[in-house]
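Each chain, written out:
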Amino acid sequence: MGASNTAPDRPILAVDGLSVSYGHVQALRNASITIGSGEIVVLLGANGAGKTTLMESILGIHTPHSGSISFDGTDITRVPADRNVRSGISLVPEGRGIFSSMTVLDNLLLGAHHNLQESPARLDRVFHWFPVLRERQQQMAGTLSGGERRMLAIGRALMSRPRLILIDEPSIGLAPKIVNDIFAIIADLNAEGYAILLSEQNAYKALKTSNRGYVLETGRVVLEGASAELLDDPGIKAAYVGA
Amino acid sequence: MPLSIFYFLAVAGINILMSWSLYLPYRVQQLHFMTVANMTISGYIGAYAALNWGWPFAAVLLLGVLLGALVGFVTSFAIGDAPAFAVVIVGFTFIYITKTIVENMDAFGGTMGLFGIPKIAATPGGHRWIMFAVIYASVIVVGALIHRFDTSRLGRATSAIFVDKNLAATFGVDVKKMGMGLQTAASAIGGLCGVLYAFTMRSLFPEFFTFHYIGIAMTMLFIGGYTTQWGVLLSVPILWGLPFLLPESVQSWRIVIYGVLLVVILLIKPEGIVTRPLIRRVGTLLGARKRAS
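Keeping their order, the protein sequence lines are chains C and L.
Residue numbering for the first sequence follows the numbering used here, starting at 82 and increasing by one per position.
Residue numbering for the second sequence follows the numbering used here, starting at 126 and increasing by one per position.
Derived by calculation from the structure, the hints in this document are not laboratory data.
Ideal Cβ placement from N, Cα and C applies to all residues, glycine included.
Treat the hints with care, since some could be wrong.
To be verified - Every beta carbon over 10 Å from chain L, so not counted as near; a handful from chain C, in silico:
#: 1; residue: A95
#: 2; residue: N165
#: 3; residue: D187
Said to hold, decoys possible - Cβ-to-Cβ under 10 Å is the rule here; a few derived chain C residues that face chain L:
#: 4; residue: S200
#: 5; residue: R237
#: 6; residue: A238
Let the sequences and hints guide you as you build the complete structure.
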């Protein structure tokens, strides 16, 4: 796990007062979060709370109607996704994150769409993290197990040489043993220096792994704090941890 | 080369190119029928340039390709990432507009069309051989470029857009730029086909460049297989040649036959006859034989 448990002085990512709508439906309302270099920050919230919208807005898939996003000190509020990926932000999407009819290798190379020159070195690195993907690189991605698919999705995100990785619901639909493996990998990635923003419904696991957390409800940030404090919060326990 | 064989081979080559002009934008799920309008624009303007300004064939060919690319590029700013139905509507509109314009312009021969497009060799036989060579050289060059594209990182990105363009965008694939590039390339091929068709037939009629031609090119693409470029090499000679083998009374039902075949293929083999797994199997088989020898 990374360093501090308080909000960072010089965040790698700062989202300030962000509001995003889908037509008349407001998905995010004045949401503000920060992530420091080397931190794992978790977004907690029920389905429809706005976690995925926030992540996709950071990447540049949705255009906010107010608020700002800055990455490493540079304003990226209306910067398109392709430029943000080049700058070092990478998203591991929820569930559907792989192309079943392509090989494992092609899926990984898609992650290096902007930087194929470096892809052999990046591939070696990804195969170091996920040896099973090296063995199965010529296999169709659709034949992988659920856990291997998540590894592939994370591996593909690493191919673009990110500094900030946004991981949306990494544990969804996975067996508990695999969930443990995935969280162990996330902690290891963080130890290597990657800043990580995690969206998760498995609050206990996520708070145990992260430095800080934010709780979203109907698009608003309703609570924030160090993960250890959030774990002790009776409201969080009742709503998300089930204790 | 006998005239009938020449027409069969030349139009088959042009149909292969036109089917590829639909294949390319369909890599990002766009049915870019505007290529038929590009064929009309480049064919007519090229023929006019040859007839009235005495332009040589090579210059007309270049003009046709550039004109197609320019029209495709300009419109792609508006429809590069438009939904499939919007691209279809723009294509139909362009076909209708260009057909109406050429029908109403005396310079283009109105509804009678343009006649007497010059030969590119001294003798009819020489003209046929040169046209045959140019058409199949175009098929080889365009085919090689498409193969290069399909096996590149851009081809991989288009495959991702085809499956899920929102997911592709999360890797930083610029969906609009990809659509614009493919539409421009497709329109350039359409322009190339317009000039090749004009110099093959040595006459142009507005009635050829209609929705009817879209039906033919689309049938060839979807029956051959839209997931690889190779399917049309199989479907075009068969579908284009099949009606010639049928009695004359049945030949006029060609479009109905195409329609029935298209529906049957879409029902039993939705991806068409030649699919990616089939190409992979053939590749593996050939690789194994090569190793064995």
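Structure-based check of all given hints:
no.	hint	verdict
1	A95	holds (21 Å)
2	N165	violated (7 Å)
3	D187	violated (6 Å)
4	S200	holds (9 Å)
5	R237	holds (7 Å)
6	A238	holds (9 Å)
Taken one by one, the earlier hints fail for this structure at numbers 2 and 3, listed in ascending order.
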